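Engineer: Whenever a hint applies, use it, and build me the whole structure from the sequences.
As given, the protein sequences belong to chains C and G, one line each in that order. Residue numbers for the first sequence follow this note's numbering, beginning at 2 and rising by one. Residue numbers for the second sequence follow this note's numbering, beginning at 2 and rising by one.
Keep in mind the hints are simulated off the structure, nothing from the lab. Source: prediction; values computed, not measured. There could be a bad hint or two in this list.
Identical copies carry no separate label here, and so any pair may be met within one copy or between two of them.
Think about it this way: if two alpha-carbon atoms lie no more than 30 Å apart in a straight line, the pair counts; the simulated DSS-like pairs of lysine-lysine are [as the list claims (entries may be wrong)]:
{"id": "1", "residue 1": "K168", "residue 2": "K207"}
{"id": "2", "residue 1": "K170", "residue 2": "K305"}
{"id": "3", "residue 1": "K305", "residue 2": "K226"}
{"id": "4", "residue 1": "K63", "residue 2": "K207"}
{"id": "5", "residue 1": "K145", "residue 2": "K63"}
{"id": "6", "residue 1": "K303", "residue 2": "K170"}
{"id": "7", "residue 1": "K207", "residue 2": "K88"}
{"id": "8", "residue 1": "K303", "residue 2": "K207"}
For reference, the chains in residue letters:
Protein chains: 2
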Amino acid sequence: MEQNQRIILVERPQGMPDERHLKLESAPIPTPGEGQVLLKTIYLSLDPYMRGRMSAARSYAKPVEIGEVMEGGTVSQVVASRHPDWKEGDIVLARSGWQLYALSDGEGLRRLDPDLAPISTALGVLGMPGFTAYVGLLELGQPKEGETVVVSAASGAVGSVVGQIAKLKGCRVVGIAGADDKCDYVVDELGFDAAVNYRDEDFESKLRAACPDGIDIYFENVGGKVLNAVIGLLNDFSRIPVCGLIAHYNDTALPPGPDQLPRLMRAVLTHRVMIRGFIQFDFAPRFPDFLRDMGEWVRTGKVKYREDIVEGLENAVSAFQGLLTGRNRGKLLVRVSPDPTRS
Amino acid sequence: MEQNQRIILVERPQGMPDERHLKLESAPIPTPGEGQVLLKTIYLSLDPYMRGRMSAARSYAKPVEIGEVMEGGTVSQVVASRHPDWKEGDIVLARSGWQLYALSDGEGLRRLDPDLAPISTALGVLGMPGFTAYVGLLELGQPKEGETVVVSAASGAVGSVVGQIAKLKGCRVVGIAGADDKCDYVVDELGFDAAVNYRDEDFESKLRAACPDGIDIYFENVGGKVLNAVIGLLNDFSRIPVCGLIAHYNDTALPPGPDQLPRLMRAVLTHRVMIRGFIQFDFAPRFPDFLRDMGEWVRTGKVKYREDIVEGLENAVSAFQGLLTGRNRGKLLVRVSPDPTRS
Numbered sequence: 002m003e004q005n006q007r008i009i010l011v012e013r014p015q016g017m018p019d020e021r022h023l024k025l026e027s028a029p030i031p032t033p034g035e036g037q038v039l040l041k042t043i044y045l046s047l048d049p050y051m052r053g054r055m056s057a058a059r060s061y062a063k064p065v066e067i068g069e070v071m072e073g074g075t076v077s078q079v080v081a082s083r084h085p086d087w088k089e090g091d092i093v094l095a096r097s098g099w100q101l102y103a104l105s106d107g108e109g110l111r112r113l114d115p116d117l118a119p120i121s122t123a124l125g126v127l128g129m130p131g132f133t134a135y136v137g138l139l140e141l142g143q144p145k146e147g148e149t150v151v152v153s154a155a156s157g158a159v160g161s162v163v164g165q166i167a168k169l170k171g172c173r174v175v176g177i178a179g180a181d182d183k184c185d186y187v188v189d190e191l192g193f194d195a196a197v198n199y200r201d202e203d204f205e206s207k208l209r210a211a212c213p214d215g216i217d218i219y220f221e222n223v224g225g226k227v228l229n230a231v232i233g234l235l236n237d238f239s240r241i242p243v244c245g246l247i248a249h250y251n252d253t254a255l256p257p258g259p260d261q262l263p264r265l266m267r268a269v270l271t272h273r274v275m276i277r278g279f280i281q282f283d284f285a286p287r288f289p290d291f292l293r294d295m296g297e298w299v300r301t302g303k304v305k306y307r308e309d310i311v312e313g314l315e316n317a318v319s320a321f322q323g324l325l326t327g328r329n330r331g332k333l334l335v336r337v338s339p340d341p342t343r344s
Numbered sequence: 002m003e004q005n006q007r008i009i010l011v012e013r014p015q016g017m018p019d020e021r022h023l024k025l026e027s028a029p030i031p032t033p034g035e036g037q038v039l040l041k042t043i044y045l046s047l048d049p050y051m052r053g054r055m056s057a058a059r060s061y062a063k064p065v066e067i068g069e070v071m072e073g074g075t076v077s078q079v080v081a082s083r084h085p086d087w088k089e090g091d092i093v094l095a096r097s098g099w100q101l102y103a104l105s106d107g108e109g110l111r112r113l114d115p116d117l118a119p120i121s122t123a124l125g126v127l128g129m130p131g132f133t134a135y136v137g138l139l140e141l142g143q144p145k146e147g148e149t150v151v152v153s154a155a156s157g158a159v160g161s162v163v164g165q166i167a168k169l170k171g172c173r174v175v176g177i178a179g180a181d182d183k184c185d186y187v188v189d190e191l192g193f194d195a196a197v198n199y200r201d202e203d204f205e206s207k208l209r210a211a212c213p214d215g216i217d218i219y220f221e222n223v224g225g226k227v228l229n230a231v232i233g234l235l236n237d238f239s240r241i242p243v244c245g246l247i248a249h250y251n252d253t254a255l256p257p258g259p260d261q262l263p264r265l266m267r268a269v270l271t272h273r274v275m276i277r278g279f280i281q282f283d284f285a286p287r288f289p290d291f292l293r294d295m296g297e298w299v300r301t302g303k304v305k306y307r308e309d310i311v312e313g314l315e316n317a318v319s320a321f322q323g324l325l326t327g328r329n330r331g332k333l334l335v336r337v338s339p340d341p342t343r344s
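Structural biologist: Following this line, the structure appears as structure tokens:
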């Protein structure tokens, strides 16, 4: 008899999470009660923010508890319904987490139309990562024509969209990534003006050469040495929307010195820099605008996207490790069960 | 025959400036040409930003050149005029720098009325430092009733005004200063709710105790250990206007580790913090509003101020050293020549 498959947080990781912390187990498939639907996961989204949910530290969302299924956004299909609004076969955006089957009372579900866009895009370019790029760049970055925009994790789900929107707004766009093929991709396929590999020995001088007029917007996804290199290039009134710090998510202590904080603060003071952390859900009222604009940009080919799809829930942990070290190419998804909309 | 006295930047300081870098010399008194006035300095303002002008580093204003008179704001009297708008005896706000006599073509002069307020206040509470406090707190800090505002260098020319305006806006105000009598002053005389001495061994726990609801606005004047202590107390959507970094002005290298920058960035991300450097002159259009509001607050005793007046230009360098180490009590001024409006 078919069973549910699910990945449980059994121990909080220090450093890189692995199978000791995230355990795959079988369980009975739950039965929907009155007002509930049973969802079967097609795609599970893997995103850097999940590392934060594995830790007990104070953050913008409460951590996953020990013994609970790991959280995560999914594209799922309704396979049984005792809810008046949902019927068997519906494809929905859900938050079923790292598991094959999940119950829902309908709260927070959004119906997807497979004829409008591939259903997987609801987890990427037309979903949370795309929206993060959209509000972070447009609301906080406020790009103006001719400005220089630098984006870290440039080939990732967020960074790739940031750069393409910045191009649409008439900016010079410089991507930073950790592999030469990622750099080639954002220039050749996505139309960035330049890209620099942060693993290069002369990364700082290459970044400087790629930004002859300095930096007006730095879209921060990573922290670490990339941020350190950016500090010296910031222009007057530049802006740094802070969306992620993936270089630090597995830190177990503060890095050794020198202390770079006074250097950043001096740049902030003398150049009147604005730094602002944000979480996309703080901008929820802008979501309809996003769907309209991004839907149009994707349809007309102005914004391109790439997906990196891993087969099977049993490969989710190793895929997530790869996400934290930059192994993926494009938006990382786990295909937990076959996609009925793709032949 | 009377001579001009002036202090020249003869060498760029590394670390604390002293008489090797700033040299007092005599020179002939200049003679005004057509369209010029001769000004005699009454008060010279000493301000932390001047340390930046002594260095060659890229900043928001060009450095003072070697061999030039040190820059600075002054309250001066017109002692000879060949300019139609100014007459002998006029008291003006000027930028004569660190010297007794200076020529001016009238550009940037502002006439002061000794009957409205003591003329020295044009360099303090009713001048640049007061305006810095006003725009930094109100425009960037956006204080709301009931919020907690922490201000560093709390007894200084800027910090003391920040705290008092925040009280007028209904905030809980916590001052940070480097001496117990400064802490007493801001609580007992200025009405702050609490104050903490950053030189105390248990500074961090005292600051935490003084901010039971966390920090909504941190007005940054100093950097260093004060900023490090603030990071752990920042609330969601808190704001950090950055006005100065006096703890670092004499740094000759980055401080040793650990690297505190990732800690700050993590707080920025998870709490959606806004950090923004600013220079008061970027907000020049707000100056008339400031003069109206602050004039009223000072007249009605809602905002109090204190001045630390040092006698004689020959004591300016040592007084400036004291400013960088916190020796002054209140707005630091040098009385370069007698104040004709005070008996």
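Engineer: Now tell me, hint by hint, if it's right for this structure.
Structural biologist: Structure-based check of each hint:
1. K168 x K207: within (21 Å within a copy, 49 Å between copies)
2. K170 x K305: Classified as within; 16 Å inside a copy, 49 Å across copies.
3. K305 x K226: Intra 28 Å, inter 46 Å, cutoff 30 Å: intra-copy only.
4. K63 x K207: Cα proximity of K63 and K207: across copies only (28 Å, versus 40 Å in one copy).
5. K145 x K63: between (37 Å within a copy, 27 Å between copies)
6. K303 x K170: Answer is within; shortest intra-copy Cα gap is 12 Å, inter-copy 48 Å.
7. K207 x K88: neither (55 Å within a copy, 59 Å between copies)
8. K303 x K207: Classified as within: same-chain Cα gap 28 Å, cross-chain 55 Å, threshold 30 Å.
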